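Participant: Please build the complete structure, drawing on both the sequences and the hints.
Going from the sequence shown to this note's numbering is simple: count from 1 and add 226.
Quick caveat, the hints were computed from the structure, so don't treat them as lab data.
Being a predicted model, the structure only gives us computed values, none of them experimental.
Heads up, none of these hints are tricks.
Pair ranges (Cβ atoms, derived): (1) I341 with H267: 19 to 25 Å; (2) L381 with D286: 19 to 25 Å; (3) R239 with M287: 34 to 40 Å.
Below are the BS3-like pairs computed for lysine-lysine, each with C-alpha atoms no more than 25 Å apart in a straight line: (4) K277 with K352; (5) K277 with K261; (6) K354 with K253.
Ideal Cβ positions, reconstructed from N, Cα and C, are used throughout, including at glycine.
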Amino acid sequence: MTTRAVEPLIVGRVIGDVLDSFIPSMKMSVTFRNKQVFNGHEFYPSTVATKPRVEIQGGDMRTFFTLVMTDPDVPGPSDPYLREHLHWIVTDIPGTTDATFGREVVSYEIPRPNIGIHRFVFVLFKQKCRQMIESPSSRDNFSTRDFAAENDLGLPVAAVYFNAQRETAARRR
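Facilitator: In structure tokens, the structure reads:
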């Protein structure tokens, strides 16, 4: 995979705000109700109310991955003093499978952006082996970088993000 794959992550400030620069080496597919997530596309909060299907395309059953989902724009993008808010962690996902085969360390929390347009970032790390990962003490002020360092995960192998904003009653119809 080329560096072109990370261009939307740079433009969307995911690389910088959440991640250090990396070269994607795996394919990850994230879908909510059969709608695939592409970098920077907008989803309504009602569309992402249920846990997405996250498939890892590559590796093998002896290779394990950790998935992290965060919101770096909490409480609002102009002053994200709670950056990042943790929405989901799944570890020990075997290659070629999906997140349902892994171990959910932090349960999926429905995105509820209140102020402005928020980015919701899915990051995939390749584990060196099966490992115990402790649940973070708080969902607020989570750091994907620190989490990766503390658990010896290295740089990501894949990442994708979507945008969402508060849904008015009229938009839900």
